[in-house]
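Construct the entire structure; sequences and hints are all you get.
Chains as they are written, first to last, in our numbering: chain A, 34 to 429; chain B, 34 to 429.
Worth flagging that the hints you see were computed from the coordinates, not collected in a lab. Heads up, a few of these hints could be off.
For chains that are exact copies, the list does not tell them apart, and a pair is met inside one copy or across any two.
[Unchecked claim] As a list, the in silico SDA-like pairs of lysine to any residue whose alpha-carbon atoms are at most 25 Å apart:
| no. | residue 1 | residue 2 |
| --- | --- | --- |
| 1 | K313 | Y54 |
| 2 | K63 | N282 |
| 3 | K313 | L211 |
| 4 | K352 | V149 |
| 5 | K63 | R348 |
| 6 | K77 | D106 |
| 7 | K247 | A386 |
| 8 | K313 | L57 |
Keep in mind it's a predicted model, so treat the numbers as computed, not measured.
Number of protein chains: 2
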Amino acid sequence: MGNKQLTIGMFGFGNVGRGLYDVLNTISSKEAIIKRVCVRDITKQRGVKIDFTDNADDIFADKDINLIVELIDDAEAAYHIVKRALQSGLSVVSGNKKMLAHHLPELIELQREHNVALLYDASACGSIPVIRNLEEYYDNDLLVSVKGILNGSSNFILSKIFNENYSYDVALRRAQELGFAESDPTLDIGGWDSLFKLIIITVHAFGCYVSPEKIFTYGISSMNDNDIRFANEKERRYKLVAHVEKLDNGKIIMSVMPQLISRDKYIYSVEDEFNGVVIKGKFYDKQFMFGRGAGGHPTGSAVLSDIMACFYNYRYEYKRMIGRTPVEYTDDVLVRVYLRYSNAEDRALFEFASIEEQYVSDDYKYLVGHISLANLHRISAQIRERDLFIAAYPTK
Amino acid sequence: MGNKQLTIGMFGFGNVGRGLYDVLNTISSKEAIIKRVCVRDITKQRGVKIDFTDNADDIFADKDINLIVELIDDAEAAYHIVKRALQSGLSVVSGNKKMLAHHLPELIELQREHNVALLYDASACGSIPVIRNLEEYYDNDLLVSVKGILNGSSNFILSKIFNENYSYDVALRRAQELGFAESDPTLDIGGWDSLFKLIIITVHAFGCYVSPEKIFTYGISSMNDNDIRFANEKERRYKLVAHVEKLDNGKIIMSVMPQLISRDKYIYSVEDEFNGVVIKGKFYDKQFMFGRGAGGHPTGSAVLSDIMACFYNYRYEYKRMIGRTPVEYTDDVLVRVYLRYSNAEDRALFEFASIEEQYVSDDYKYLVGHISLANLHRISAQIRERDLFIAAYPTK
Chain A
34 MGNKQLTIGM FGFGNVGRGL YDVLNTISSK EAIIKRVCVR DITKQRGVKI DFTDNADDIF
94 ADKDINLIVE LIDDAEAAYH IVKRALQSGL SVVSGNKKML AHHLPELIEL QREHNVALLY
154 DASACGSIPV IRNLEEYYDN DLLVSVKGIL NGSSNFILSK IFNENYSYDV ALRRAQELGF
214 AESDPTLDIG GWDSLFKLII ITVHAFGCYV SPEKIFTYGI SSMNDNDIRF ANEKERRYKL
274 VAHVEKLDNG KIIMSVMPQL ISRDKYIYSV EDEFNGVVIK GKFYDKQFMF GRGAGGHPTG
334 SAVLSDIMAC FYNYRYEYKR MIGRTPVEYT DDVLVRVYLR YSNAEDRALF EFASIEEQYV
394 SDDYKYLVGH ISLANLHRIS AQIRERDLFI AAYPTK
Chain B
34 MGNKQLTIGM FGFGNVGRGL YDVLNTISSK EAIIKRVCVR DITKQRGVKI DFTDNADDIF
94 ADKDINLIVE LIDDAEAAYH IVKRALQSGL SVVSGNKKML AHHLPELIEL QREHNVALLY
154 DASACGSIPV IRNLEEYYDN DLLVSVKGIL NGSSNFILSK IFNENYSYDV ALRRAQELGF
214 AESDPTLDIG GWDSLFKLII ITVHAFGCYV SPEKIFTYGI SSMNDNDIRF ANEKERRYKL
274 VAHVEKLDNG KIIMSVMPQL ISRDKYIYSV EDEFNGVVIK GKFYDKQFMF GRGAGGHPTG
334 SAVLSDIMAC FYNYRYEYKR MIGRTPVEYT DDVLVRVYLR YSNAEDRALF EFASIEEQYV
394 SDDYKYLVGH ISLANLHRIS AQIRERDLFI AAYPTK
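This is the structure:
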């Protein structure tokens, strides 16, 4: 095949980096070896025989290294590493969704300019190959929507609260102990991690890049016992759902928010740290992909898949993006929601188009109605601070 | 990209062919057009504006045609069409699993010899992109097993029997009315259709071609009320499961047979005409893919995905097969089974290694025990004729 061996310069040796190291060791890969790893703290004992450095220049100066694998937490630092690598003519495998979600247009341009690949399937759903499937398999014109549970940590917390009556704090601590949570847990429970993944997925699903600040994003942290009781009464469960859908007018809508999911939906049964993605098309109806979305070894083996794809000279072609009329993003659409609020002032922030159901008592007030995504987006910063909770509540 | 438009010469205009026609029409594809279709009965009214012929030579003589799409029922005829096309330097998309399962080694060789592609993702699981995922994403060395419900028709029948108390005959007739069943239903309910798909999947999963007659294949047609009662008592359901697994000794085992599935398994909830595949790996644990495995439109859009892959010059690389030590097939392994039998003579065919449970009454006799796959394979032709039923019965 004439594919040359990959000599990897790696950045970061956290949970996923360690996972990749273990996986590569187990299969004793001939296609790829890790030559050097750049870490922040070079004095830390890691118990592995690897050449560590704390100077990025050591990696870039090494002429043997022909692939950069970037697995660090800091999005800003990751951006500079990836950019520098691409500009130096090196292909890159990255797992940093936050960085990708903010810089994809530029990084796509850099790939083309320098004729190198940037692969990041591992960034979107841990071990589920959703990006490559969207890129390679699903015809854009037939694709209707992608909807999923993209964050293992928040889903783990919701599962523990609903199925095992954990308190929110205990559930979060348990997720952190198990290594599912991001080092900053607000990324998980605030919906940001899901948002970043949704942005990456949308680029490959609909050829449309929408920057993070344009999308309504709302997490699970303010959910309380009344909200949980409401879900149980309706025989539904909250799931933190990331959603992109093409409307009949050709525009796409996107959102990340808790959703009251009924029992007959695929994602109802996605429990614990698992991820699940439902891809809906005009003719093939729905496809469901399910797997581990977090954890060092599952994500590490997803990174390995990206590395192997590099070995076979695979590149994303961004087929839906290049040479097509750009798809437009809109938030001009009504969503049916459940809103629990505590006072009239908070309530007044929400401009409902219609209200179906209202309940008011001293310690619990809620309503069910339709509201535009644009309105939710406009007030999103304010409502995050308040004693209220909002979730999408589809009629079925 | 410089990809040239695909001008398709098609063979067959049945359920899937018609589905493909509809899908192509809906998206008004610029990348691919159907120029001519070869059918058996040219006089049949089909209500579409297509140039039909009943002479294969008309297709092969047409210099505009640069892609053959083969969607006919007859495996022998399909083989000759596909072989002729590849030898003429034409790439081919085929949905004929029976033909592929019998001739893959030769067809792989022909692709290489004539530098053309033969794509057949549509053949294995309708709309689930299982082959391309195995080929592209899962690293062979990490792959442990692929297990799935690969036949929509038999699964539909099992669902109707278990959930809606249909009789076997009514369920089969309903499947045929809905267009899920093969024209010869024994292919579905005898497990043959699943077997052919399993053979194709195994080539891409483990780089190993095993011919159909070597693999124990047993269907659902002799299941009776006692068997159903047994499953219900154990809180399990029969599913017709195709299974390939790599043993610790590096050899692979394969089988197609009904299996008593417990509630906590992914495939337990795969109902009706749906297919579901569980891919298990060393590090990523289990992945589950789920979707429509039958029907004209879902399969038609899978064929379209293969066509689009041709447009982008995609070819299977048979990475696990080429340049690697061949993986060996074995049936020297014990399986835990449930066997219902009616007389001592039939019972004597089975050489159990161990028996855990026996029940004997006038109208119902069964046992649970371990038996080698080799023994089952040896007697498979005989047991198909008898009043007995056997299903795998894993301990959990």
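*Run the structure past the numbered hints and jot down the numbers of the failing ones, going up.*
The structure conflicts with no hint, since it agrees with every one listed earlier.
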